[in-house]
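J.: Once you have looked at the hints, place chain B on chain A.
2 protein chains.
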Amino acid sequence: MSLIVQKFGGSSVANAERIFNVADIVTGTYKQGNDVVVVVSAQGDTTDDLIEKAKEINPDASKREMDMLLTAGEQMSASLLAMAIEKLGCPVVSLLGWQAGFLTSSAYGTARIKRVVPDRIKKELDKKNIVVVTGFQGVNRYNDMTTLGRGGSDTSAVAIAAVMHADLCQIFTDVDGVYTADPRKVPGAKKLKTISYNEMLELATLGAQVLNNRSVEMAMKYNIELEVLSSLTREPGTIVKEANKMEKMLISGVAKDEDVARISIIGVPDRPGLAFKIFSKLSAKKINVDIILQSIGHNGTKDISFTVGKSNLKDAIDTLTPYIEVLGASSIVHDENVAKVSIVGAGMESHPGVAAEMFEALFEANINIRMISTSEIKISVLIDRADADRAVTAIHNKFFTPDQL
Amino acid sequence: MSLIVQKFGGSSVANAERIFNVADIVTGTYKQGNDVVVVVSAQGDTTDDLIEKAKEINPDASKREMDMLLTAGEQMSASLLAMAIEKLGCPVVSLLGWQAGFLTSSAYGTARIKRVVPDRIKKELDKKNIVVVTGFQGVNRYNDMTTLGRGGSDTSAVAIAAVMHADLCQIFTDVDGVYTADPRKVPGAKKLKTISYNEMLELATLGAQVLNNRSVEMAMKYNIELEVLSSLTREPGTIVKEANKMEKMLISGVAKDEDVARISIIGVPDRPGLAFKIFSKLSAKKINVDIILQSIGHNGTKDISFTVGKSNLKDAIDTLTPYIEVLGASSIVHDENVAKVSIVGAGMESHPGVAAEMFEALFEANINIRMISTSEIKISVLIDRADADRAVTAIHNKFFTPDQL
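Respectively, the protein sequence lines represent chains A and B. Residue numbers for the first sequence follow the numbering used here, beginning at 1 and rising by one. Residue numbers for the second sequence follow the numbering used here, beginning at 1 and rising by one.
The following block holds chain A by itself, in its conformation from the complex (with noise of 0.2 Å):
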């Protein structure tokens, strides 16, 4: 007997059929003498659906009231998840993430898992309740409620199998796996049937949105093994798990990632000190900065670039923009019309090839690159975002051949 925690997605529950088609796979899963848990995201749009209602009436509320409001949508679809479940026959519990014990920091909107407490979840799966848990939310120390930020739900999942020791953590979701490339962009994208979660983590970062990243690094850091699967095809997904437990892949995947902008200060004289006072600056307003490069300019000046998440964007060009003169720079420049396009690979680490593969692919295909940023099992490259989908796709038949994989 294990002890299995299963996370479904909104659009895994949006209608009575397919809450009845999750309720199946639950079922099916605690029939075969598992303990079950289960983590369950508000219906379909029904978060989309609040907000809206909340814009009408004060566009400027306070995210505690936000809070107050959203974490009424997991409690509608786990109880009614509760209620398909009953129907099926098997004993069961809904609990909302006070219930269940999930104490989170204070930071409406985007508060952090401190800590869960399972006593309730713990008593419940000894009187063989299969027992349902509101993803998304949590009570602060104020006994507030509080939501986890867009794809909370998945770590809600995590920390639940990270501290009542799951032997499995199944992700349902609306893809039936991790892929090599976008299998909507790309033809020959293929399924992987394991990746490290330090892979997962870089493809995550650029914008192959299957998984929640704090989710894969709380997996990571517990050990959780994870499952990416759909709640549809009921077919098996792909597994996160250790590095050390799998053979390393040179590549396992191609991703795009289109919220990207670049900013250039241009003319910035070369004396150091300057791009600590310009990062730090970002740093201070809680802007995230990813690919950097420094280029030799002109008459003892250089080109500072950078990239930051589109939504950003206004907000770095005004907090840059007043020290442009104090810097003793020409100006600020920027480009929305980009996007980061990255491989990412354990095996990489020791071929050193792969970045020339990558850049030839680019060439052979007549795409410009702009900047370049590598890690240990990542290469990533700027280019103009016209070109991104061809330029993935280009990459994807240079390292994936049918018979690799």
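Derived by calculation from the structure, the hints in this document are not laboratory data. Please note that the accuracy of each hint is not assured.
Remember, identical chains collapse to one label, so a pair may be satisfied in a single copy or spanning two.
[What the hints assert, rightly or not] Computed list of lysine-lysine pairs in DSSO-like fashion (alpha-carbon distance at most 27 Å, straight line):
| no. | residue 1 | residue 2 |
| --- | --- | --- |
| 1 | Lys302 | Lys277 |
| 2 | Lys55 | Lys310 |
| 3 | Lys63 | Lys286 |
| 4 | Lys281 | Lys314 |
| 5 | Lys31 | Lys122 |
| 6 | Lys63 | Lys285 |
| 7 | Lys63 | Lys127 |
| 8 | Lys55 | Lys31 |
| 9 | Lys191 | Lys398 |
| 10 | Lys281 | Lys302 |
| 11 | Lys302 | Lys314 |
| 12 | Lys63 | Lys87 |
| 13 | Lys123 | Lys63 |
| 14 | Lys31 | Lys63 |
| 15 | Lys55 | Lys87 |
| 16 | Lys122 | Lys63 |
T.: Positioned in the frame of chain A, the structure of chain B alone reads:
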């Protein structure tokens, strides 16, 4: 500075415009220097919509999961109202039943408030916050969500008013006060300035759906002054308070109740204990019996008639039918086409002529009386349902002439 509890029903917060109307009333009260606790129901048809959603999935869902589902309704309306109050520039915090300290029995769907521990409410009022509390809900000793049954938000409001020693508890509803008869049916119906708890209780029991009965009982027990008023007209409503604080009116109202059915057991032998046996069987099934009439029959038998709520009719017939033979009675018959019309008034105790006047009004309108029941402040008659509206008007005209109010 006073502490005022204001309760708003579902129609008062049915949409964004109405929510702002409520926010305006609340902030107006607050700006006059009062501490304000607001109790709010779910928006418009939310509760019915949720019940519909549950039925689609499982018509026999457990009451525990139903309560988990339904309590989301007030959570949404409370947070939305808080956002509207924020928009109007006043400090506010919304609290769920469990956060506000509503400890209830475990009877899901019809839980009773056992205790209100208002520590959090007090703390928020000390911070000069307006406090919005979800009505209709609480938490039981298992820390599970419970609901108080229909009309439970009134009870929530009075319970807070009682435990906080509020100066006034205002129940905002879609009528603007308590009337001498249903104003939609009886043209001469007048709004009462005041009414005693006991009279209000009798009227509520009789189907004047203005205030939930349990809330009036609780207000009487803790001597909380209630005001029934409309959130739309903004005019003074009807004050419900202790009888000795007001001049006793002869009659305070005429009410009609069509949710009633008559059952007669014909030919019961005239032996002691048989009536007891009949009514103890009904009591065991928790079927409330209202008017009871025992008539002299023929040949040492009698007929026992009584009324029950329509929803209990089938159950009552099913319960008693097997015993008809055992009792030695000849048959059991029933009639659903009846209505109960009553007059209520604290003044009638000392005016023995009231009953006669009521019967005279019915005689003049050529309406046949089937059964009669009286208490110290109430006289009820059972008549054909087709005559009910005419009866109310006839009786109302008899007691209420323009100069009497």
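J.: The structure should be examined with respect to each hint, and the outcome stated for every one.
T.: So, going through the hints one by one against the coordinates:
1. Lys302 x Lys277: The answer is within: 15 Å in one copy meets 27 Å, while 101 Å across copies does not.
2. Lys55 x Lys310: within (22 Å within a copy, 44 Å between copies)
3. Lys63 x Lys286: within (18 Å within a copy, 47 Å between copies)
4. Lys281 x Lys314: Answer is within; shortest intra-copy Cα gap is 14 Å, inter-copy 76 Å.
5. Lys31 x Lys122: within (18 Å within a copy, 49 Å between copies)
6. Lys63 x Lys285: Classified as within: same-chain Cα gap 19 Å, cross-chain 49 Å, threshold 27 Å.
7. Lys63 x Lys127: between (37 Å within a copy, 19 Å between copies)
8. Lys55 x Lys31: between (44 Å within a copy, 25 Å between copies)
9. Lys191 x Lys398: within (17 Å within a copy, 84 Å between copies)
10. Lys281 x Lys302: Result: close within a single copy only, 19 Å intra versus 95 Å inter.
11. Lys302 x Lys314: within (23 Å within a copy, 90 Å between copies)
12. Lys63 x Lys87: So Lys63 and Lys87 pass the 27 Å test across copies only (13 Å; inside, 37 Å).
13. Lys123 x Lys63: between (33 Å within a copy, 20 Å between copies)
14. Lys31 x Lys63: between (41 Å within a copy, 24 Å between copies)
15. Lys55 x Lys87: So Lys55 and Lys87 pass the 27 Å test across copies only (11 Å; inside, 37 Å).
16. Lys122 x Lys63: between (32 Å within a copy, 22 Å between copies)
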